[in-house]
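Using the sequences and the hints, build the whole thing.
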Amino acid sequence: MLVTLIRILFVLSWTTVLFMPNKSIKRFFPVTIGSALLTVTTVLIGTHYHFWEEKGTSKNRMWNHLILVLGPFAVGNMWIFHLTYGNFVLYFLANLINNFSYAFGGMPLLAKAKYLKYVKFTRIHHIMITMFESFILYGYQMLYDKPYSKQK
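Those letters in the sequence shown? Residues 3 to 154, by this note's numbering.
Bear in mind the hints are in silico, worked out from the structure with no lab data behind them. Don't take each hint at face value.
[As the list claims (entries may be wrong)] Taking lysine-lysine pairs in the DSS-like style, the calculated list, with each CA pair at most 27 Å apart, reads:
#, residue 1, residue 2
1, Lys25, Lys148
2, Lys114, Lys57
3, Lys122, Lys57
4, Lys61, Lys116
5, Lys116, Lys57
6, Lys61, Lys114
7, Lys61, Lys119
8, Lys57, Lys119
9, Lys148, Lys28
10, Lys61, Lys122
Structure, rendered in structure tokens:
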């Protein structure tokens with residue numbers, strides 16, 4: 003049931019992009035791909051070092067992670083950039099709230115459903131890593147925007 007819910011979230015998250023201006027989608031799609039790559043790398047490292055326990059076969063776990071990374075996480079990242087880019091404090095606060103929500107709201111639900119449980123990893127580790135990634139992504143977006151700002 004949880005897997006079905008996560009798959010529904012994947013579809014619903016991408017339908018919200020229909021409400022975003024095309025200009026923002028084009029502008030923030032590269033940083034969204036970068037975000038997905040960073041998250042997949044984190045997942046691969048965490049899985050290798052047994053930072054968490056997961057339910058299912060390795061093939062199912064891989065698909066479940068990809069659905070989360072390419073769905074709600076990627077789209078959420080695009081929306082955060084769309085709504086906050088240009089105001090670093092607001093971007094920082096939005097990411098902090100998002101990461102706290104997932105670490106202290108989403109993870110306990112996933113653990114309760116026996117879907118995913120931290121083993122050698124804590125909620126604070128999660129927040130520290132995701133905030134570090136958000137700084138990298140903001141810097142990447144700033145570098146990506148430089149050529150466009152010179153053309154205007």
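- Item | Hint check against the structure, violated hint numbers in rising order | none
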